Amino acid sequence: MFKNFKKKIITQIIILASLVITISQAQGNAVRNLTIYAEPNLFVAFTKIARIYSQNFAVNVSLNFNPSLDFVDEIDSGEPADIFISAHPIFAETMKQKGLIDVYNIGYIANDELILVTSKDNKELPVKFIDNNLSLEEAIRLIDQSKNNIIIDHEGNSSGFFAKNFLQNFTLENLSIFSKLPEDKNSIIRDLTNDPNSYALIFASHLRNAKNLQILARKKDKNIYYRALVIAGDNMEVAREFLKFLKKSQSQKILQENGFFIN
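1 is the number of the first residue of the sequence shown in the numbering used here; add one for each residue after it.
Don't take each hint at face value.
[Said to hold, decoys possible] Calculated lysine-lysine pairs in the DSSO-like style (CA-CA distance at most 27 angstroms, straight line):
| no. | residue 1 | residue 2 |
| --- | --- | --- |
| 1 | LYS220 | LYS247 |
| 2 | LYS244 | LYS48 |
| 3 | LYS253 | LYS48 |
| 4 | LYS248 | LYS222 |
| 5 | LYS253 | LYS98 |
| 6 | LYS120 | LYS220 |
| 7 | LYS96 | LYS120 |
| 8 | LYS222 | LYS164 |
| 9 | LYS147 | LYS96 |
| 10 | LYS147 | LYS219 |
| 11 | LYS120 | LYS247 |
| 12 | LYS185 | LYS120 |
| 13 | LYS123 | LYS219 |
| 14 | LYS96 | LYS123 |
| 15 | LYS247 | LYS222 |
| 16 | LYS128 | LYS147 |
| 17 | LYS211 | LYS123 |
| 18 | LYS219 | LYS120 |
| 19 | LYS219 | LYS185 |
| 20 | LYS123 | LYS98 |
| 21 | LYS211 | LYS98 |
| 22 | LYS120 | LYS98 |
| 23 | LYS96 | LYS211 |
| 24 | LYS247 | LYS48 |
| 25 | LYS164 | LYS220 |
| 26 | LYS219 | LYS247 |
[To be verified] Label pairs and their in silico Cβ distance ranges:
| no. | residue 1 | residue 2 | range |
| --- | --- | --- | --- |
| 27 | GLU241 | ASP121 | 41 to 49 angstroms |
| 28 | LEU181 | GLU79 | 22 to 30 angstroms |
| 29 | GLY78 | VAL127 | 26 to 34 angstroms |
| 30 | SER146 | GLY99 | 47 to 55 angstroms |
| 31 | GLN250 | ASN132 | 35 to 43 angstroms |
| 32 | ILE130 | GLU79 | 26 to 34 angstroms |
| 33 | ASN149 | LYS248 | 36 to 44 angstroms |
| 34 | ASP195 | LYS222 | 39 to 47 angstroms |
If you're looking for bench data, these hints aren't it; they were derived computationally from the structure.
This one's a predicted model, so the numbers in the text were calculated from it and none came from an experiment.
For each residue, glycine too, the CB sits at the ideal point set by N, CA and C.
Please take these sequences and the hints and turn them into a complete structure.
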């Protein structure tokens, strides 16, 4: 059913974005280091959080953003990392089983939800979407009847994993599902700009500042939650301190302001 889905995902890391925040010694204390791996939709929130943490706790913070699968392969290969942040349930459990994380220090930091979106320029939008509060299930069946296209991310990203699992609950006769390939670094939001009559199933946190898109339906799922995992190694003390900072109201407010849900 899924077109263009490539089961074997490449393991070469392509850094989508990297931020290194450095500060000098504070009050005579040596500066410490912290390396964080996180999914791309966390970029804006964690750039802000890391900057505040760095300035207040004399820690050099290196942020790296990529699909979860890429980071799991890197950590398993021995690349230096102190914290891994993802909503992908399989990869988190894989790291537990391999003994790569500190199982006694896992931070549950925020939740997300699946949303169905399309361009505001969609000329083929079914009239039933107008002024109707449809459930996500009803919305998927409606665009299936209309013989439309829907785009989802690849399973190496959390959003692709949850979108695929959700769509597998339906018997879809007319809806064409396009799963992005791992090597395709264009965002789904850009894809919808180029093809305004298509739809996409993404996380709500992906929608920040996407003014050309409209939300058609949404589904809160208590199973979509982000975990911050401390990587087993010599720098666990600093990583544990950062987990505590993520629980503080200042960090939680930044996450909420950037499309995440706080319980």
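Run the structure past the numbered hints and jot down the numbers of the failing ones, going up.
Hints 5, 7, 9, 11, 14, 20, 21, 22, 23, 29, 32 and 34 not satisfied by this model.
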